[in-house]
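Use the sequences and the hints to build the structure in full.
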Amino acid sequence: MIDSIHSLPDVITFVVATLLILTGAVGVIAAKNPVHSALSLIMTFFGVSIAFIEQGAHFLAAVEIIVYAGAIVVLFLFVIMFLGVDRADEVSVDPLVGQRPLALAGVVVTIAGVVTMMSRAGWVTGAPALSTGGQPMQGGNENIKELGTAVFTTYIYAFEATAALLIIAVVGAVILARKERVVDEQEGVA
Amino acid sequence: MSPLLATGDPLYAFGVNWAVLLIVAVKVLVGFGGLLGTVTLMIWYERKLISGMQSRIGPQKWGPFGLLQTLADGIKLFFKEDLIPAEADRFVFKLAPYLALIPALITFAIVPIGGTVTLAGHTFLLQMADPPIGILLLLAMSGISVYGVILAGWSSGSKYPLMSSVRASAQMISYEAALGMTIVTIVLATGSLSTHDIVSSQANGVWHWNVIRLGVVPFIVFLIAITAELNRPPFDVVESESELVGGFHTEYSSIRFALFFLAEFMNVITMSAIMVTLFFGGPAGWVPNIPHLRWIFPILWFLGKTTLFCSMYIWFRAALPRYRYDQLMDLGWKKLIPLSLGWMLIVAGFLISPSWGFGLAAVVLLSSLVLSRSFDLGLARSSGANAVLPTVGERPIPGAVLRAFTDGEDQ
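Those sequence lines, one after another, are chains S and H.
Each residue of the first sequence is one higher than the one before, starting from 17 at the first, in the working numbering.
Each residue of the second sequence is one higher than the one before, starting from 4 at the first, in the working numbering.
Misleading hints may appear alongside valid ones.
[To be verified] Stretch-level coverage of chain S by chain H, calculated; a stretch enters the list once three of its residues show a Cβ under 8 Å from a Cβ in chain H:
(1) 47-61
(2) 72-80
(3) 166-180
Keep in mind the hints are simulated off the structure, nothing from the lab.
For each residue, glycine too, the CB sits at the ideal point set by N, CA and C.
Okay, structure coming up:
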């Protein structure tokens with residue numbers, strides 16, 4: 017839905033960003049080669065980043081590229097190359113039992129949820145941020161101030177809980193990995 | 004004013020018209036053209052300087068002092084046969100050199116080359132772009148530039164380039180954290196992300212330069228981290244000739260090979276310029292009072308400082324032996340990341356008040372003692388007889404159940 021409040025450049029930016037996001041998203045699941053999937057994922061991140069800039073969230077746009085495209089997908093590629101699974105996938109055998117029906121159910125639930133949300137709320141994607149009363153947010157520094165204030169006042173508990181969760185995850189990963197090695201060496205399976 | 008436009012540049016203060024567009028286009032053309040020209044000079048300079056350090060003569064045949072050698076090499080490479088290995092992933096193989104080159108070009112756009120200039124009634128910054136995210140663009144682009152190396156190595160379908168890719172991705176992730184942390188320190192002291200603001204906050208003399216104002220530690224961490232990000236010696240495990248043939252560009256030939264080298268040298272110039280911007284006041288320096296020529300001295304200062312850092316990179320290459328891969332990881336994770344994090348806390352504390360500063364310094368000192376003790380314990384453990392710790396607890400899901408769940412795949 018495109019209202020008259022959107023100027024032509026807004027519409028063009030929105031269309032370009034959306035095309036990038038959708039093409040990338042389809043590429044992630046359609047590509048048979050895991051590395052090509054990872055590349056499509058980067059394309060999606062760039063699209064999301066453009067959408068963020070269009071809404072005036074410059075800082076989020078930068079973080080999207082730095083963290084997701086710059087670190088997380090690099091980590092994906094590292095694992096893909098390190099384990100040597102960079103061949104086209106064999107898709108005839110399910111790694112998990114009952115994977116396909118569950119995936120189908122998940123898709124149905126997600127689509128139903130999105131449709132419900134869209135029918136209930138008057139959301140228009142591509143509009144300037146609603147929190148600032150339709151005005152685009154200010155430049156980079158005000159961006160950071162607003163985000164910092166929100167994270168360290170309003171959402172302080174959620175923020176700290178996330179930090180604790182991440183640390184628990186890291187410690188847990190270390191313990192699991194270490195145990196695996198001990199078992200292998202004791203049984204001589206390696 | 005559109006939020007997409009740069010905010011700091013006074014050029015956009017009165018809206019955008021054709022004259023403004025023309026100025027922007029000229030700025031971009033002069034900037035990128037100058038950068039490309041400087042790259043050819045840089046390649047000549049590196050070869051000449053390093054041959055001097057190694058008691059050789061270096062390029063001398065083409066042009067005065069061998070200045071046209073780079074041009075000759077470029078023409079030669081251009082007319083060479085362009086080979087693509089049979090095992091290669093063709094699309095990614097062709098894409099990779101551009102992924103290496105373009106981030107180097109884009110990063111240079113945020114470097115302030117001089118002060119402000121007024122031309123035909125328009126005042127503008129001598130800087131291609133001053134985006135609101137400012138210095139974060141450097142982090143974003145250095146994150147993207149590693150894809151050039153990773154994808155080139157992977158798509159070659161050859162084993163040494165693949166090892167180079169794996170090394171590049173691990174090295175990249177390890178050093179980006181320390182890099183980001185030092186940039187946060189600078190942003191804290193400046194109070195702004197924009198490179199123009201970072202430079203103008205250092206304009207009042209040498210004592211205000213970030214290298215001195217923040218203590219020398221952030222600069223040293225930044226220098227090491229950025230050298231590792233660039234894959235320059237002594238951190239060039241990615242293309243170490245003695246182990247990996249040529250690393251990621253082993254299978255490349257002709258113009259694509261040239262593009263990788265163009266990217267590497269362009270990165271050296273860009274990162275030298277970024278270092279000057281962040282720590283050495285950018286174009287700041289003494290300006291003599293000569294009418295109509297005052298604008299040229301900041302540019303000269305900037306060029307001089309940048310040349311100094313470019314020379315330093317060449318000196319590194321001539322003087323320092325290459326790090327081993329595990330030493331590289333140790334330096335990144337165990338030394339640089341804790342150091343930059345601790346220093347950031349101390350600087351943040353002193354920005355609030357001296358008592359906070361000293362308090363945080365004590366906390367940082369205490370935790371670094373704990374950290375070094377734990378490193379000692381870890382080292383002693385891995386080299387001792389009981390190298391493996393006893394098992395901790397039980398697995399949440401029993402092994403047999405897990406195997407049945409995953410269709411018996413890990414047997």
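Right, here's what the structure says about each hint:
1. With 5 residues bearing a CB less than 8 Å from a CB of chain H, the segment 47-61 of chain S meets the requirement of three and the coverage assertion stands.
2. Coverage of the segment 72-80 of chain S by chain H holds [criterion: at least 3 residues with CB-CB distance below 8 Å; count 6].
3. Only residues whose beta carbon comes within less than 8 Å of a beta carbon in chain H count, and the segment 166-180 of chain S has 0; fewer than three means the coverage is violated.
Hint compliance for this structure: hint 3 alone is broken.
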